[in-house]
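This is what each chain is made of:
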Amino acid sequence: MSATLAIARREFGSLFRLPAGWIVLALFAFLTGVVFAVSGLTPGQPATMRGVFGVSTVLVILIAPAVSMRFLSEESRTGTMEVVLSSPVRNWQVALGKYGAGMAFVACMLVVMVVHAVVLRAVSEPRPDWGPIAAGLLSMLLLGSVCVSLGLLASSLTESQTLAFLGTVLALVCWVLATNVAPAYVPAWLGDALASASVNRRIDDFARGVVDTGHVVFFASVSGLLVFAASVSLGMRRWA
Amino acid sequence: MRGVSLELDRGEVVGLLGPNGAGKSSTIRVIAGVLEPHGGRVTIGGRDAVSDPVAARASLGYLPESAAVYSEMSVQGYLSHRAAVLGVPRRERRARVESSLERCRIGDVSRKRTGALSKGYRQRVALAGAIVHDPSVLVLDEPTNGLDPNQLRDARSLIADLAADRTVLICSHVLSEIERVCGRAVIIGGGRVLADAAVDSLRGTGGCVAEVRGVDRLAVEGATVETEPLGDGWVRLVIRGAGPDLRERSGAALASRGAVIRELRDETESLEDVFVRVLESAGDEGPGR
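Top to bottom, those sequences are chains L and S.
The first sequence begins at 425 in my numbering and counts up by one.
The second sequence begins at 13 in my numbering and counts up by one.
Be aware that one or more of the hints could be misleading.
Partial pick of chain S residues on the chain L-facing surface, computed with a CB cut under 7 Å [stated by the list, open to error]: (1) P49; (2) S78; (3) H93; (4) A96; (5) L129.
Okay, the calculated beta carbon distance ranges per label pair [stated by the list, open to error]: (6) V66/S - L486/L: 32 to 40 Å; (7) P443/L - R106/S: 28 to 36 Å; (8) R632/L - V66/S: 45 to 53 Å; (9) G15/S - L486/L: 32 to 40 Å.
Just so you know, the hints here were simulated from the structure itself, not pulled from any lab data.
Predicted model only: the values in this text are computed from it and were never measured.
A virtual CB, placed ideally from N, CA and C, is assigned to each residue, including glycine.
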């Protein structure tokens, strides 16, 4: 476990040893801050963070793959992958460590949103309802988890960070289209099956303050499956 | 690779040689656990590298050819990270990192970013990362790649120092380096072992050369002698034959004939000669990587 933590700590630290990590975080804070000021702090309007969560969903879908695109592709490109593979660690430990670093970065993004929530509570009368806010933060964490693990898998398949990023975003777009648009054009049984895998509908439930354990299990299962796939993909490098 | 079988004893320093595509790097990577063998087995300190890879790799230090390190980290940070990944207990990490810094002579750059270091220093940082957990087996792929003559000398002495208390397998295409550092050389070609013996025994004595006056012919038992006039009564005798005492026997034969000897020396093959000869006899290509 110590090796997994060491891998996570190094990967997380490297995000902030480069300007990119700080820039992405600052950009996230700025954009959500603007939306928060415009939609959440309007006098006479109910105190809510729905607008912030709306823009955050899009930002998480873009930022999480941008963070995770380098996790394994960079190791392959620079040659440090050989050092990793010769270390006394299992493939799943490497994948889990990288995933952990990505989730730590997503958590940093959530801290920004917690600051927004605290400000909203301080300036609003009546006080905002904490239920939808907490549920919204949980949904961002779960969505981030899926995006990070999908980015990790893409990063295990190519040495190019750009390809890993584009592949992840493309996969997410296809997923959204397949589960939200396609059901209207396919037989009902297939449409129902596709719609049940919709991310948007689950995020909408969270935004209303509904925390369905089924949704949590769904996001956790998909994330776990993707991290496992990344670990298998990493192991396949040893068979070359 | 086909039927490659190597056994390294504790404390042995072995050089792995071969032309391009011979299977050197594949062999090294399989031993280091980077690649899994399709067949056969690798054991490190008695632990099977396929069925128990984590335990096997724990006693192994590996320096890949690229000597890649995380360029955004400080030297000390990188070594601490490697120590944690390699399973060094937390309370021992600082001491192990200090020891690696000292052994690889990189203490003066310990706070610098590895990406800002010269190639030679980066190579030493990568080597420090490979020994930070004090492995009993060290596998080095082209450890002197890209080093200048001063760095080469340092690297050679460092490897000799490291070899004092561990088993070392070095893959290199710089035959002179193997000749200086390794006690044993393994030549592979076409994915199989073509030669495996002590470097001295591989080089052997191809014969000896004498420059003499007073004799123009010589008979040495078990050897052939070629004569080449040098002028002023001097001749060069090229004596080819087997046996470690050929020079002594030739000297005795010359003395019994009353020859004046101004030079009598062994004519040993260089490792490069051996390399070429072994590959030619195997129908392979010449030296290179």
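Tell me, in ascending order, the numbers of any earlier hints that this structure violates. Violated: hints 1, 5 and 9.
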